[in-house]
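Top to bottom, those sequences are chains U and Y. Heads up: the first sequence at position 126 corresponds to 126 in UniProt numbering, and the numbers run straight through without jumps. Heads up: the second sequence at position 231 corresponds to 231 in UniProt numbering, and the numbers run straight through without jumps.
For chains that are exact copies, the list does not tell them apart, and a pair is met inside one copy or across any two.
Within a straight-line C-alpha distance of at most 20 Å, the following computed EDC-like cross-link-like pairs (lysine to aspartate or glutamate) qualify:
{"#": "1", "residue 1": "K206", "residue 2": "E228"}
{"#": "2", "residue 1": "K116", "residue 2": "E139"}
{"#": "3", "residue 1": "K206", "residue 2": "D90"}
{"#": "4", "residue 1": "K216", "residue 2": "E228"}
{"#": "5", "residue 1": "K200", "residue 2": "D175"}
{"#": "6", "residue 1": "K189", "residue 2": "D90"}
{"#": "7", "residue 1": "K189", "residue 2": "E176"}
If you're looking for bench data, these hints aren't it; they were derived computationally from the structure.
Protein chains: 2
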Amino acid sequence: MGKLLIVGSVAFDTIETPFGKTDKILGGAAPFIGLAASQFNVESAIVSIVGNDFPQEYLDLFTDRNIDISGIEVVKDGKTFFWKGKYHNDLNSRDTLETQLNVLADFNPIVPKSFKDADVLMLGNLNPSVQLSVIDQMEVKPKLIVLDTMNFWMDIALEELMEVIAKVDVITINDEEARQLSGEYSLVKAAEKIHTMGPKYVVIKKGEHGALLFHKGSIFFAPALPLEEVFDPTGAGDTFAGGFSGYIAKTDDYSFDNMKNAVIHGSNLASFNVEKFGSERLQELTKEEVYKRLTQFKSLTQFDIKLT
Amino acid sequence: MGKLLIVGSVAFDTIETPFGKTDKILGGAAPFIGLAASQFNVESAIVSIVGNDFPQEYLDLFTDRNIDISGIEVVKDGKTFFWKGKYHNDLNSRDTLETQLNVLADFNPIVPKSFKDADVLMLGNLNPSVQLSVIDQMEVKPKLIVLDTMNFWMDIALEELMEVIAKVDVITINDEEARQLSGEYSLVKAAEKIHTMGPKYVVIKKGEHGALLFHKGSIFFAPALPLEEVFDPTGAGDTFAGGFSGYIAKTDDYSFDNMKNAVIHGSNLASFNVEKFGSERLQELTKEEVYKRLTQFKSLTQFDIKLT
Chain U
1 MGKLLIVGSV AFDTIETPFG KTDKILGGAA PFIGLAASQF NVESAIVSIV GNDFPQEYLD
61 LFTDRNIDIS GIEVVKDGKT FFWKGKYHND LNSRDTLETQ LNVLADFNPI VPKSFKDADV
121 LMLGNLNPSV QLSVIDQMEV KPKLIVLDTM NFWMDIALEE LMEVIAKVDV ITINDEEARQ
181 LSGEYSLVKA AEKIHTMGPK YVVIKKGEHG ALLFHKGSIF FAPALPLEEV FDPTGAGDTF
241 AGGFSGYIAK TDDYSFDNMK NAVIHGSNLA SFNVEKFGSE RLQELTKEEV YKRLTQFKSL
301 TQFDIKLT
Chain Y
1 MGKLLIVGSV AFDTIETPFG KTDKILGGAA PFIGLAASQF NVESAIVSIV GNDFPQEYLD
61 LFTDRNIDIS GIEVVKDGKT FFWKGKYHND LNSRDTLETQ LNVLADFNPI VPKSFKDADV
121 LMLGNLNPSV QLSVIDQMEV KPKLIVLDTM NFWMDIALEE LMEVIAKVDV ITINDEEARQ
181 LSGEYSLVKA AEKIHTMGPK YVVIKKGEHG ALLFHKGSIF FAPALPLEEV FDPTGAGDTF
241 AGGFSGYIAK TDDYSFDNMK NAVIHGSNLA SFNVEKFGSE RLQELTKEEV YKRLTQFKSL
301 TQFDIKLT
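I would like the entire structure built from these sequences, with the hints used as guidance.
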């Protein structure tokens, strides 16, 4: 069993979908990553920042899951990062109605001493300068560094982002972002180009259309589980990243075959996350439910053509 | 080994894609279906209609592949169905520039005596009244009837189409058509509704995003093989149908597990078809190439999570 270090935003989200709306609920990349990874009983820590408006019950939620919170800075006179968004009817696109960076604007991450030798470093979607700082603070080179990022950073901080990309083993981005980053429309060509930027493993997320894992000319594909209804897609990508990195940390196996399993676990957990608002579904999720749906993933994808 | 009867259009196509344009080349649903199914050395026949402008070399192409052409009516003073289309830059949509129904307008299909006991009946995309007539001419109830259709018939001949749908075992349509036919946005709900219309098996094709097979609450998913470049998508759906029905006919096995294999074979053959204009790639395709790519499909999708 390896140790997992997570850096990412912790936020309040206010979400509106065709099915309803929320008050301020727990959001940000790190909680989704942490809750997803906690399914594997892995030893993990979150590095992040919140304001004094952040409720103790959310912090307790982390510690209850064996997530070390000593790296979550609480700013006494600050307010927690806030995001408000509204999804369109097909849930495939959304408008950001409000963003208040608040304490996140001046975030200087401090990696807890006991996690400077983490085996897996999961860089959640965040300012690349923060991600770089965390990489630099590691005293032992992690066995695997996983980067999640988005088009926003490609638009406003490409140079720093490229520095991060050069230092990571795995990058997870969506299809449009892969096209933007590479300048290639074909995802196969896009992944080839992104390999040359640094990452040995490229994960391209296609939302309801699944995820592709590229490595040295080999491709693995994990479908999204076909669902009757998607309720709220917020955090699906973070949940995927948490399932992926959590499974790798738990198994301490960095082979391509194990990455395939990690992609399946990530997709599996993401399929739950979209069933309720925010991280509600992850908070109540049981190992039995996770196991049952994994068997569905197996029957969804496994076939038996004899190649003889 | 079962016998396969194919009904479908035979046409001249003129195609323009971002990569080039063609003169009049072989098109229509039946040639793609027949050529794809011929990969399995299955005994098959095409029921269709052409004009006297249809070249002997195309008919020879069919007979060379052990496809019976006695059901292809050649109208002495008629012209072959003609379609001209232009694909947009992303190849996901196209404009029809010209359609000349010609002899297809008055097509009365005649099933050859020796195929009135076919094991598998593949109804290619065509006027539902023609599909109904073929079903009615069968002297022995086929073990499997597969229907391919499209939104065009839902728009102008829904009542007759519903009659056909009620009589088939498998329907293959794309995601938008499934939504149109069912009135449901969720593909899971759409498939459930289409089941109630008749088909025990519902295949929903999602183009580059793969295909879903629904049966009694179970779902199987076959990805499309990620390709560096798609050259011409014309006939991909027909090729899928041909691979699917050809494999079922060859194996004479009508179980759900074998349907899964058939969906993989259909996807595999379709992945070749899009590499060149029209059916050019299918015409030159070797068993070695098909086999090699099947192994790619396996490594693309198969994983080994122990569920214990």
